[in-house]
Amino acid sequence: MQKIIAYLNKHSLIINSVCIAFWLWIIYENYQTSQAENSFEQRKYYFIVPVLFILLSAFNMYMAQKRKNRA
14 MQKIIAYLNK
24 HSLIINSVCI
34 AFWLWIIYEN
44 YQTSQAENSF
54 EQRKYYFIVP
64 VLFILLSAFN
74 MYMAQKRKNR
84 A
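Numbering (the numbering used here), first residue to last: 14 to 84.
Just so you know, these hints were derived from the structure itself, not from any lab.
Because the structure is a prediction, the values reported are computed rather than measured.
Incorrect hints may appear among the rest.
Said to hold, decoys possible - Only pairs whose alpha carbons sit at most 27 Å apart, straight line, appear in this in silico BS3-like list of lysine-lysine:
1) K16 - K57
2) K23 - K79
3) K16 - K79
4) K81 - K16
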């Protein structure tokens, strides 16, 4: 378990950057679908979850950088 945590701490910037790119792609795809179907009012709540995960990844990146500077 210690090796997994050490690996995640070491590569957290890359992992979280990939996660942010993935969630931005999800938002883009939802936006394109809502534009094609003219259903933005019905689909606007599908943007909440990806934005929350982007904020969570940004917070994780901030905390990882803070841990790295402290050590």
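Review point. For this structure, which hints from the list above don't hold up?
Key: Hint 1 is the one this structure does not satisfy, whereas the remaining hints hold.
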